[in-house]
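Undergrad: Chain by chain, the residues run as shown.
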Amino acid sequence: MTEKIKLYDDSKCTACRGCQLACKQWNALAASQTENRGTYQNPPSLNANTFLLIHYQDYVDKEGNVKWLFRKEACMHCTDAACVTVCPSGALHYNKATGTVGLDHDKCIGCKECVAACPFEIPRWDAATDKVYKCDMCESRIMNNMEPACVKACPTGALSWGPKEKMLKIAAKRVEKLGGNATTYGDKYVKGTHFMYVLKENPAIYADIHKDPSVPLSVTLWKGLLKPLSLLAAGGVLGGAFLHYMIHGPKYPDLPKDENTEGGK
Amino acid sequence: MQKGYVQVTDSYERILHWMLAISCLLLCVTGLGMMFQTFNFIGYLFGGLKSLKLVHNFTGLVFAASLILVIRMWWKEAGVFVFPEDLEWIKVAGGYLWHVDKVPETGKYNPGQKLFFLTVVGAGILMIITGLIMWFPTALPAGLVRWMYPLHALGFVAIFAFFFIHLYLGTIGNPGTVPAMLTGWMDRAVLKKQHPGWLKEMEHEGKLVVYGEEKKSGAHGHHA
Ligand code: SF4
Ligand code: SF4
Ligand code: SF4
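Same order as they appear, the protein sequences are chains H and R. Quick note: the first sequence, position 148, residue 148 per the numbering used here, numbers continuous. Quick note: the second sequence, position 54, residue 54 per the numbering used here, numbers continuous.
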């Protein structure tokens with residue numbers, strides 16, 4: 001497996017939303033009717049037919065300068081993906097060739113377990129199909145040696161796609177070049193994500209970003225501890241019952257020698 | 001039915017017991033099919049994993065209704081401990097673990113059975129609440145919904161293990177007890193060994209229904 005990473009560099013992004021549209025086009029996703037809410041960010045959040053969203057933010061820094069901040073939100077393709085861990089049907093799976101996280105809609109049973117588990121709040125459930133939707137890193141393209149549709153569409157070089165080691169190096173170099181508060185985001189969480197950012201500002205100031213995402217404790221307790229325990233406990237009980245039967249023996253009723261004998265013995 | 005057998009449960013009790021038992025078993029099996037991907041094949045028996053999910057959810061409703069009726073029916077007899085008899089019984093573990101010359105007499109249900117009943121009630125309620133939230137997870141914040149899954153699994157750990165304890169103690173572990181939940185009539189000798197206190201009380205109050213004997217007034221009944 002050659003792990004691959006998609007890198008988003010917000011310092012190069014013009015928020016043209018070419019990627020957002022290319023995503024809709026490749027995945028044949030319909031548009032939804034939305035309202036003008038006084039921002040270019042549209043639709044307001046990810047949904048069952050929007051796997052990728054450019055966030056727009058007005059930011060006033062300490063010197064009083066107004067800045068645009070853009071951020072591309074989509075599935076982060078975690079190495080330790082909580083959604084894959086909880087998915088009961090195998091619909092969510094690791095792509096063995098790239099380490100990204102794919103989603104097989106034929107298998108999805110609409111249980112929404114992934115919705116509650118994802119530390120980045122990515123999967124969206126659609127009532128009409130009773131299935132869940134998210135970015136699958138254009139599995140149909142990357143498996144045929146093409147780059148994801150969003151990367152292909154990006155006119156500025158803000159998006160790029162390539163082998164993990166190479167992309168990590170590029171990101172580190174870019175951060176160094178930008179200086180100041182610039183940093184990478186994604187590589188430090190959930191054993192590294194296959195979609196990562198170079199951010200020109202401190203991540204904490206980006207709206208709706210997840211500050212310290214990690215696989216939820218509830219997921220680890222559930223799948224790591226209680227799931228095996230359920231079989232162990234039942235097995236232990238069966239073994240215990242067997243031993244009890246062999247060693248102590250069952251409680252046979254006393255044969256009624258004397259009708260007036262007190263009970264209990 | 002043999003002469004001298006004693007009626008220990010009425011048909012209402014037995015029907016509810018089996019409604020609870022069968023729905024519980026079906027929930028365990030269908031739940032396992034979703035909990036472990038290795039057991040996904042269980043889904044085929046139900047026409048796919050998606051139908052398995054639906055069977056699980058709706059069986060949950062049957063289980064919930066049965067559990068509520070069962071609590072109403074058995075709470076007085078099996079839900080509350082009576083001291084000091086129950087404590088005495090607990091001290092010798094009911095004679096199940098080591099040899100005890102004389103097991104203290106208890107009411108109709110001994111503390112072991114009561115503990116079992118209370119566990120089923122407690123874990124059952126936990127399963128119903130967490131299960132309903134898991135059915136409609138988008139109604140509540142994800143941070144809260146997340147915890148329903150490990151709680152549901154915790155309830156399963158308890159119920160699944162207790163299921164086998166119950167199966168053992170209700171069958172080969174205590175020979176002669178199965179008819180209590182099948183026909184409702186039990187051998188008096190078994191009752192003397194297992195539930196002497198109850199037998200004496202019923203005899204004393206003249207409520208005992210014995211096969212072949214004329215029914216006395218105030219016959220056995222549980223309808224709450
Ligand atoms: S971001 Fe969420 S949906 Fe995407 S791989 Fe990670 S856990 Fe799964
Ligand atoms: S909703 Fe679908 S993708 Fe999500 S956990 Fe359930 S089966 Fe898997
Ligand atoms: S296509 Fe490139 S420049 Fe345009 S919004 Fe997407 S990432 Fe930014």
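Hints are computed from structural coordinates only; laboratory data are not their basis. All values reported here derive from a predicted model rather than from experimental measurement. Ideal Cβ placement from N, Cα and C applies to all residues, glycine included. Hints may contain errors.
[As the list claims (entries may be wrong)] Taking lysine-lysine and the DSSO-like style, the derived pairs with C-alpha atoms no more than 27 Å apart in a straight line are:
id: 1; chain 1: H; residue 1: K164; chain 2: H; residue 2: K12
id: 2; chain 1: R; residue 1: K200; chain 2: H; residue 2: K177
id: 3; chain 1: H; residue 1: K96; chain 2: H; residue 2: K223
id: 4; chain 1: R; residue 1: K76; chain 2: H; residue 2: K107
id: 5; chain 1: H; residue 1: K227; chain 2: R; residue 2: K76
id: 6; chain 1: R; residue 1: K91; chain 2: R; residue 2: K3
id: 7; chain 1: R; residue 1: K3; chain 2: H; residue 2: K251
id: 8; chain 1: R; residue 1: K91; chain 2: R; residue 2: K76
id: 9; chain 1: H; residue 1: K131; chain 2: R; residue 2: K102
id: 10; chain 1: H; residue 1: K169; chain 2: H; residue 2: K96
id: 11; chain 1: H; residue 1: K251; chain 2: R; residue 2: K102
id: 12; chain 1: H; residue 1: K131; chain 2: R; residue 2: K91
id: 13; chain 1: R; residue 1: K102; chain 2: R; residue 2: K76
id: 14; chain 1: H; residue 1: K251; chain 2: R; residue 2: K91
id: 15; chain 1: H; residue 1: K223; chain 2: R; residue 2: K50
id: 16; chain 1: R; residue 1: K91; chain 2: R; residue 2: K108
id: 17; chain 1: H; residue 1: K131; chain 2: H; residue 2: K164
id: 18; chain 1: H; residue 1: K96; chain 2: R; residue 2: K200
id: 19; chain 1: H; residue 1: K251; chain 2: R; residue 2: K50
id: 20; chain 1: H; residue 1: K96; chain 2: H; residue 2: K67
[Claimed, not checked] Here are the computed distance ranges between Cβ atoms for each label pair:
id: 21; chain 1: H; residue 1: N181; chain 2: R; residue 2: V62; range: 57 to 67 Å
id: 22; chain 1: H; residue 1: D130; chain 2: R; residue 2: F39; range: 48 to 58 Å
id: 23; chain 1: R; residue 1: P141; chain 2: H; residue 2: T39; range: 40 to 50 Å
id: 24; chain 1: R; residue 1: P175; chain 2: H; residue 2: D130; range: 24 to 34 Å
id: 25; chain 1: H; residue 1: K191; chain 2: R; residue 2: S11; range: 52 to 62 Å
id: 26; chain 1: R; residue 1: W75; chain 2: H; residue 2: N36; range: 25 to 35 Å
id: 27; chain 1: R; residue 1: Q2; chain 2: H; residue 2: G240; range: 26 to 36 Å
id: 28; chain 1: R; residue 1: L61; chain 2: H; residue 2: G235; range: 48 to 58 Å
Undergrad: Against this structure, judge whether each hint is valid.
TA: Evaluation of the provided hints:
Between K164/H and K12/H, the direct Cα distance comes to roughly 20 Å. Compliance with the 27 Å bound is thereby established for this hinted pair. For the hint linking K200/R to K177/H, the alpha-carbon distance of about 90 Å lies beyond 27 Å, and the restraint is violated. Among the hinted pairs, K96/H with K223/H is consistent with the structure: their alpha-carbon atoms are about 22 Å apart, no more than 27 Å. Using a Cα cut-off of 27 Å, the hinted pair K76/R and K107/H is violated, with the two alpha carbons roughly 47 Å apart.
At most 27 Å may separate the alpha-carbon atoms for a hinted pair to count; K227/H and K76/R exceed this at roughly 34 Å. Our distance criterion of 27 Å between C-alpha atoms is broken by K91/R and K3/R, whose separation comes to about 36 Å. Using a Cα cut-off of 27 Å, the hinted pair K3/R and K251/H holds, with the two alpha carbons roughly 23 Å apart. Distance hint between K91/R and K76/R is fulfilled; the C-alpha atoms sit about 22 Å from each other, no more than 27 Å.
As the CA atoms of K131/H and K102/R are separated by approximately 61 Å, the hinted pair breaks the 27 Å bound. Proximity of K169/H to K96/H is assessed by CA-CA distance (about 23 Å); at most 27 Å being required, the pair is judged to hold. Taking the CA atoms of K251/H and K102/R, the gap is about 13 Å. The hint holds against a cut of 27 Å. Only pairs whose Cα atoms come within 27 Å are accepted, and K131/H paired with K91/R is rejected, the gap being roughly 54 Å.
Under the criterion of a C-alpha separation no larger than 27 Å, the hint pairing K102/R with K76/R is consistent with the structure, at around 26 Å. For the proposed pair K251/H and K91/R, the alpha carbon gap of about 18 Å is at most 27 Å, so the pair holds. Only pairs whose Cα atoms come within 27 Å are accepted, and K223/H paired with K50/R is accepted, the gap being roughly 21 Å. Straight-line distance between C-alpha atoms of K91/R and K108/R comes to about 18 Å, which keeps the hinted pair within the 27 Å bound.
A hinted pair counts as satisfied when its Cα atoms are at most 27 Å apart, and K131/H with K164/H does not qualify at roughly 31 Å. The suggested pairing of K96/H with K200/R is violated, with an alpha-carbon distance near 70 Å, which exceeds 27 Å. The straight-line distance between the Cα atoms of K251/H and K50/R is roughly 45 Å, outside the 27 Å bound, and the hint therefore fails. Of the pairs offered as hints, the one joining K96/H and K67/H is violated, with about 40 Å between alpha carbons and a cut-off of 27 Å exceeded.
Distance hint check: the CB atoms of N181/H and V62/R are about 58 Å apart, consistent with the given range 57 to 67 Å. Between D130/H and F39/R the beta carbon distance is about 22 Å. The supplied range of 48 to 58 Å is therefore violated. The hinted range of 40 to 50 Å is not satisfied by P141/R and T39/H, whose Cβ atoms lie roughly 24 Å apart. Between P175/R and D130/H the Cβ separation comes to about 49 Å, which falls outside the hinted range of 24 to 34 Å.
The given range of 52 to 62 Å is respected by K191/H and S11/R, whose C-beta atoms sit roughly 58 Å from each other. Between W75/R and N36/H the Cβ separation comes to about 59 Å, which falls outside the hinted range of 25 to 35 Å. Hint check: Q2/R to G240/H, Cβ distance near 34 Å, so the stated range 26 to 36 Å holds. The hint said 48 to 58 Å for the Cβ distance between L61/R and G235/H, and at roughly 30 Å that hint is violated.
Of the numbered hints listed earlier, those contradicted by the structure are 2, 4, 5, 6, 9, 12, 17, 18, 19, 20, 22, 23, 24, 26 and 28.
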